[in-house]
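**Q** The lines below spell out each chain.
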Amino acid sequence: MAERLQLTVNGAESELEASSDTALLYALRNDLGLKGTRFGCGSGQCGACFVLIDGYPAPACDTPLWAAAGKRITTVEGLSKGGGELHPLQHAFLAEQAAQCGYCTSGILISAAALLARNPRPTESEVRAALDRNLCRCGSHNRMVRAVLRAASEIAL
Amino acid sequence: MNTVAESPLKRPGSLERNPKLAQWLRVHRDGAVSIFSGKVEIGQGISTALAQIAAEELGITLERIRMVAADTAVSPDEGVTSGSLSVQDSGVALRRACAQARTLLLKSAAARLGVSVRDLQVADGTVRTAGRSTSFWECADDALFDCEVDETAALRSPRDYQVVGKPAPRRDLPDKIAGRPRFIQDITLPGMLYGRVVRPSYNFAGPVSLDDSKIKSMPGLAAIVRDGGFVGVLAEREDVAISAQRALRLTASWREVDALPRDVHAWLKEHAAEHHVISEKENADAKSRAAKVLEASYTKPYISHASIGPSCAIARIDDGKLMVWSHSQGIFNLRRDLALALGMREDAIVVRHAEGAGCYGHNGADDAALDAALLARAAGGRPVQVQWMRDDEFAWAPCGPAMALSLRAALDPHGDIVDWEHELWSNGHSSRPGRSQGPALAAAWHLARPHERPSAINLPLPAGAADRNAIPIYDFPNQRVVNHYVHEMPVRTSALRSLGAYANVFAIESFMDELAQAAEIDAIAFHLRHLKDPRGRAVIDAAARRAGWSTWKPVEGRGHGIGFAKYKNLGAYCAAIAEVEVEREVRVNRLVLAVDVGLVINPDGVINQIEGGAIQSTSWTLKEEVKLDARGIASLDWEHYPVLKFSEVPVVEVELLDHPELPAAGAGEAAQGPTAAAIANAVAHALGLRVRDLPLTHERIAVAISQST
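Protein chains in written order, with the working numbering: chain G, 1 to 157; chain U, 1001 to 1709.
Don't take each hint at face value.
Quick list of in silico lysine to any residue cross-link-like pairs, SDA-like style, CA-CA up to 25 Å [stated by the list, open to error]:
1. K1532/U x E1655/U
2. K1623/U x R128/G
3. K1216/U x L149/G
4. K81/G x T8/G
5. K1645/U x L149/G
6. K1216/U x T8/G
7. K1281/U x Y1474/U
8. K1321/U x R1226/U
9. K1216/U x P64/G
10. K1627/U x G44/G
Keep in mind that the hints were calculated from the coordinates and are not lab data.
Please read all numbers here as calculations on a predicted model, not as lab measurements.
Please put together the full structure from these sequences, using the hints given.
**A** Structure (structure tokens):
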């Protein structure tokens, strides 16, 4: 049954009408129009739909709205500062041309942002381990790892 | 006078089918140029490379170029975006069209300024003479381009290139990295309904029996659509459509067809319907020198496209007209097959391309388009978006075909190959839309009036399909190559990146390595001894140098290996060297690739494609295999179809050998075969034992060990 639900997404309170069993993914994409979070598998296996929930990467496809309520949710759109200024990770991804099709990119940026928040100077193998829950099919892995390391060093400056 | 009809020579690139200049570009008053290409962006960066070519010949900055999304209503028909041919087809046509456009614009500017073209100075579209100026934008006039492309128009010399040959950032990436809506999955049209199709994971025929009594009352469900065995749902919310699909599937039963063979490779050998000898060379004198004969059989399993984003389409039927948005590789062919399946006229259908997730061949994009169109019939003029679920994608997108290969060769006492035989067994490698009598779209086979499922076909040589790269590029005095074509298709197969070249190059280059070992000759030296082609020799040399091949120190459990091919025997040259270590699993530590694609349009684009191809091929080679049970495909999620993870990806180094004076060849598929062979050879050296069945998993290695003892 549809009910009125409150979500805190990218720092703003949003209200929507949906069943509390609905996956967060569809509320983000279709109710709130935040299309950067993408469907990949529906079971948390690929990472394309990762968002930060209270700072930790979690699959929006596998998180019901009742579990997301009251938590701080950050999507890829919320990584950039106000005024559309990109996150240092996004600048680094552009500088490294770290994508081919770009479908997995949002989820990978989310995992990388969570990593840098708790470990600002990760080693290469720490970056790879942190991204292991995200799948990339085009083979852009090494560029993305370089981009995360570049962002870490630029944030530290 | 129609010069096309008179000319016995084909026009270059896609000009043959699209000879009008206005089909290719339009100059706008606001200082921009629209470029129309029938080739589509599938994550490979082609729209950036084509924009570079257009900017170069027009002599304007890249920022002025607007690439128009391919659309059957406005774009040139360039067939399918496949085969690493976009630079040859579309790039060549655009180069000539833009060169002529520049000439016409300069003439128009000269007339406007009352001087001759010789007296003009041009910079980024601004045209000056003795204190006066005009511009391409002021001269823009659609009538100017109402002519055929003049193939003799002077082209800019590669020596003078400003834009082509320089790295250009991908034009689509800013949106994708910022998380802005860009993919077909992100399109929301006013009043759009969400659709899902209810299918089992196996082949079926006839109608479906199901119980929709409980689903009918779901809040937000707009319709349940049935047409024979085709069943779909429409809902106001996407999550409701998915719930209805899942619930309905639990109540449904379909009639299964075609129990699958237990041993696919043995089955292929028993079911070959056509036997084509595709190459034969005889030299009795050389044959008589044979001193040592080797034989080996290799296999490759079915491989899934496994794109991260499942297939998606949007369709709207309004006033008898069908509008479709699709990430198809061939929008004109899709339009034709949609017309066949729906019983509509082609001119009542428009297909517009919208970008999807990474595409590596004929995936479910076209099928999803028919799904959406069938559901749109019940949507009362509202647009319908269908996205397949992960299990739909694994079960219904065509697979890259399984293949069996048997090779036999003879060495003379000096270690020269004097005889070579290569036989392969495979289904066809293309069941794309537009190529058979009926529609090659999955839903069409299950309608109340069903169309027959077409068999996959092979494209003719020299490019070939199952037999792509089966004819060795080496100089052997005796050789025989046979393609055993299997028509029956237990699993739906079609084009996957590099088609048969992946398995053929894996087998040929593995066998070259086995022969080198038997002849006790270093693998690189053995390659060079049999290869005359200087461009091939150059990439092998470059890869060996970069990898430090000659200074490799043998360590237990580690190995290095080489693989080489000229893609299709027509295109890019690629040599790959792999360094691996084998414990329980194979780990690839490093890949070094040297590549010659002729003229390089976008160096970073080529490197990205080669690097991506090598990593994807590593994943295929180490891990990937579509698992089958008696009914159908059993690997329906990422747990059962694992792909290479970040921590398993090797270091990849790519060296480009630039040849600006030579025609540009595509880079997208060149690395697939050489990488697989390099890894397999490195594994053989690490283990002291050959694994000839892909993928090179722990289980396959254990079987090979048990068979050798």
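**Q** Look at each hint and say if it fits the structure.
**A** Cross-check of the supplied hints:
1. K1532/U x E1655/U: holds, 21 Å
2. K1623/U x R128/G: holds, 19 Å
3. K1216/U x L149/G: Cα-Cα ~52 Å, so violated.
4. K81/G x T8/G: Holds, at about 17 Å.
5. K1645/U x L149/G: holds, 18 Å
6. K1216/U x T8/G: violated, 34 Å
7. K1281/U x Y1474/U: holds, 12 Å
8. K1321/U x R1226/U: Cα-Cα ~21 Å, so holds.
9. K1216/U x P64/G: Roughly 24 Å between the alpha carbons, so the hint for K1216/U and P64/G holds.
10. K1627/U x G44/G: holds, 21 Å
Checked against the numbered hints given earlier, this structure breaks hints 3, 6; the rest are met.
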